[in-house]
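A.B. asks: Given next are the chains, with one letter for each unit.
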Amino acid sequence: MQNERSRSRRWFLGLGAAWSAALVACQSKTASPPPAEPRALGAAVSPYGSRSKFEKTARYFNQNTKVPLEEASSRTPLHETYGIITPSSLHFERHHSGVPELDPATHTLTIHGLVGRPLVFSVDELKQLPSKSRIHFIECSGNSGGEWRGGSTESDVQRIHGLTSCSEWTGVPVSTLLRECGVDPKATWVLAEGADASKHDRSIPMKKMMDDAMVVYGQNGEPLRPEQGYPLRLLLPGWEGNSNVKWLRRLKVMNEPAMSREETSKYTDLMPDGSARQFTFELEAKSIITRPSGGDTLVAGAFCELTGIAWTGRGTIVSVEITTDAGATWAKAELQTPVLPIAHTRFRFPWKWDGKDTVMASRCTDSTGYTQPPLTELITVRGMNSQYHNNGIQAWKVASDGKITNGNRA
Amino acid sequence: MATARKRLLRVAQGVGLALLVAQGFPKVAQDFSPAVLAQSPTFGVGHAPNPALLQQIDIDVTPDGKGLLPGSGTAAKGKDVYTRRCETCHGPTGTEGPQEILAGGKGSLATPKPQKTVGSYWPYATTLWDYINRAMPFDHPSTLTPDEVYSAAAYVLFLNGVVGEQDVLNEATLPKIQMPNRNGFVTDPRPDTPIKRK
Chain A
1 MQNERSRSRR
11 WFLGLGAAWS
21 AALVACQSKT
31 ASPPPAEPRA
41 LGAAVSPYGS
51 RSKFEKTARY
61 FNQNTKVPLE
71 EASSRTPLHE
81 TYGIITPSSL
91 HFERHHSGVP
101 ELDPATHTLT
111 IHGLVGRPLV
121 FSVDELKQLP
131 SKSRIHFIEC
141 SGNSGGEWRG
151 GSTESDVQRI
161 HGLTSCSEWT
171 GVPVSTLLRE
181 CGVDPKATWV
191 LAEGADASKH
201 DRSIPMKKMM
211 DDAMVVYGQN
221 GEPLRPEQGY
231 PLRLLLPGWE
241 GNSNVKWLRR
251 LKVMNEPAMS
261 REETSKYTDL
271 MPDGSARQFT
281 FELEAKSIIT
291 RPSGGDTLVA
301 GAFCELTGIA
311 WTGRGTIVSV
321 EITTDAGATW
331 AKAELQTPVL
341 PIAHTRFRFP
351 WKWDGKDTVM
361 ASRCTDSTGY
371 TQPPLTELIT
381 VRGMNSQYHN
391 NGIQAWKVAS
401 DGKITNGNRA
Chain B
1001 MATARKRLLR
1011 VAQGVGLALL
1021 VAQGFPKVAQ
1031 DFSPAVLAQS
1041 PTFGVGHAPN
1051 PALLQQIDID
1061 VTPDGKGLLP
1071 GSGTAAKGKD
1081 VYTRRCETCH
1091 GPTGTEGPQE
1101 ILAGGKGSLA
1111 TPKPQKTVGS
1121 YWPYATTLWD
1131 YINRAMPFDH
1141 PSTLTPDEVY
1151 SAAAYVLFLN
1161 GVVGEQDVLN
1171 EATLPKIQMP
1181 NRNGFVTDPR
1191 PDTPIKRK
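Protein chains in written order, with our numbering: chain A, 1 to 410; chain B, 1001 to 1198.
Just chain B, same shape as in the assembly (with noise of 0.2 Å):
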């Protein structure tokens, strides 16, 4: 994907790795062999899936927005799902806890105590919407409806500031959503030991 791969240099180039993810993630691609789908099966095991119950199982989403189900939703609308659905494990502002701390941290991450939030840490708003759908409520996971994700979205993404109030998502918007670390993450230098000096 072009836009994939140039968000991913975006990224990059924020940090000054251009040069390793240019030859880091497309490289991957010229690793095996072309000439693989040409290939007959060998084997002869296995069967089409069928089209219905693909559909029920594949329910990721990637950055670009691919695989957000039709809906919308707002955070005015989403305190209500919040409150409900949410609120006892993660605390009425996303910051009391019991569970996971969902807001605040702002500012946080190059300091002795750094709090990893949806609004300080995660480089995209769709993972939200992804992980909402696929693993929340956590005792009670995929029971809420596509409308219901995108307003709990919206008001975790709202308790962090990074949406307003009556701001809709949906599969056009929510995608297009910058996410204050979107920048924040590089690839894998290791091995980073032992330390070269000069």
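So that you can see chain A by itself, here it is in the shape it has in the complex (with noise of 0.2 Å):
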């Protein structure tokens, strides 16, 4: 995998052409001359269409791990992907027991526990519930955590924060199955848990459950893709991804959280004293610049297009700034409408760098009026150890010679 990015990295600058404007003028490269008129004729229509054979971009994931690749995650390439919807074959993965196999045919969702009526749902009787669509990202919580450490300056935007994507995810809002079922009103917790071989499971507040809380069969207008939770996973809009339990076979109503291995063990946040923060669900304000990024190399003097990512779990991105002078200013970034809640919001950025070695980073400020802190600042709060919910500020380093690095510790 390590060799495949690389080398379809190499192919990505050589090739610029076929990329964006900007990067062809940070690069300075001329494209080849195009091939003779065509006078074959082309492929035949298909059935289900794949992309071009010239494009190489992929997931990135780490295979020399002693941990099995079923217990795994793998990352967005984010810098290689286009405005704010994921590809759904790019979405990012992490599971803990592998993908199941589920035949949409069998497999069910029980709604149980302290409810009046306990049921069980079919698929096809999901999708004559009446149903939403709605775009939103799903990030995993440990996206961004090496950086808790110091990260690496040889790292790039995909290895750091490839763990967020978003999606057009369709299906039935929770709180519709929960009436459905009659919910006791002594009850608190509603318990997710999937059809993986390791039963994922994860205790939700009844509160989000009835707020937005939906369970979706649809992603970007196809049913869901395995890696995502086929056919159905739990979405909850804006928090930490791991509790958007996939292949969703369970909802269990009760008054207290299970205390799963999954929020005790896991995903919880370790803090300096000792004390560990629990069921820190939210996903805080966050952006990043995500071409040009690590790995790229700018050009003096020619035009250059920064561009990334920004979002929040709390509400609607309204501002994106930018610094290229480490710090010194920030000036506002354009935001490419439709800006929406909880949804990757795309900014872009024009520049011209002076050849001159710099820091430059991205920060934003959401509906609640957040602003991303940097990364010191959480430091200074939460200690090195959290492992997890870091949003914090990207320096990307530019050097003399126009390489871009990890600047989070320069």
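Don't read these hints as lab results, they were simulated from the structure. This one's a predicted model, so the numbers in the text were calculated from it and none came from an experiment. In this text, a Cβ means the ideal position worked out from N, Cα and C, and glycines have one as well. Wrong hints could be hidden among the right ones.
[Said to hold, decoys possible] Just a sample of chain B residues kept apart from chain A, beta carbon distances all over 10 Å, derived:
1) 1083
2) 1095
3) 1147
4) 1165
5) 1172
[Unchecked claim] With the C-beta cut set under 7 Å, the calculated list includes, among others, these residues of chain B facing chain A:
6) 1057
7) 1060
8) 1063
9) 1098
10) 1141
11) 1188
Relying on the hints, combine the two individually framed chains into one complex.
C.D. replies: Rendered as structure tokens:
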């Protein structure tokens, strides 16, 4: 994977013309002349499309690890995707026990516990209920986690931040299903459980379930991809990835959290005093310049569009600011409309690099008035052991030869 | 559940956050209409679960022990289960890996090199039983008998010095185990930046 990735990166740089005009300018590469006028017929129509054979962009995962690849993650190539929707085939993955193969004809969702009428729904029955489509990001709480302890200067945006993706999801509000079952007024929590080998489970406060949680079956107009929970997953807009339980088989209405392994041993944030924060569900506002970014090389004097994404689990992004002089000044980036709540928001900033070494970064503010903090400020409060929920500013260091590296510890 | 709430309160008091929790968890209950139960179904979709099938998937265990299956085990019996079914991945004493470290790390949480293990970090013994029962052994989950789960859990707790070799774990005794880090968890206080300076 490592090799394939650097190969695709090299190919990407060499064939700049196929990519954004910005990078062509940044790299000053001239495209080779197009082949002669086509005289042969192209391919016939086909039942299911696939990308051009010239495109090699891929998810990244570390294969040199003693941890089984079923208990692993793969990361979205944020620097090689456009706009705000992540192609389903490039959506990040995080599985605890592999991707199960579930037949939608036999898979069911059971809702039971503190309800008047426990019910089992087939996938088809769920599709008959009033549906909703919403564009939302999902981010793993472990995204950018390596930066708490310094990260690596060699690292790039995909490896550091690739555990966030954004899709259009279609499904049924959980509140519709819970009303259908009649919830006991004493109920305060709902346990969500998957049908994967390890039966991944998380306890979710009832309030979130009634507010905006959904059981989704659609992703970007198609059924969910198996890696994203086919045929059913829980969607908790703005809440840490693993609480959006994939391969959803069961919702148990309860009056306490189950205290499962994934909400005690994992996904809890260890503080400097040895205490740990639990149920840190909401993802705070975050932004990253995705292109150009770590691993790219700038050309002095050439026009270069800085672009990236911003998102918040608490509402809508209202502004993104850019610094290209190591934080001395900040200027507003342009936000691509529509700017949607709890969704990736694309920003752009026209720039010319003057050839001097510097640091560039983005910071965003959301509709609650919260501004993305510097990583150093998060570390001041939370120390370096918390492992999850890093939404600190990503600094990219630009050397005088134009090379961009991770500047978080520069 | 009164007991669960009391337990959460105890956790909170341990770290001086009683107020947050007292206003936090129970408040969730008041945020939606108590009239829901009275409603009749709107769409008439779905069917009642088959009790036997529901029992098969209703596997979760709460800190009060609800959901534990009948059975029992000891660390003495668990040594055999552990050696056959766990050791290749977690090491002879739970500290060698290659997969997750299960034992040790006592007193390390507030240091620059924290080791989060069952003994140093996990707040509830019921979580251990539940997790072994639902997810372990990693490559053959849900293949242990309830007695084997009790014994494997007992052995992991024994490796952490939490139970003795002959202590019998069952539905009644397992939830009563006081885990060393039982009071180590606090509720989410974010947003915690910008830092408020006095």
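A.B. asks: Can you name, in rising order, the numbers of the hints this structure does not satisfy?
C.D. replies: Those not satisfied: there are none.
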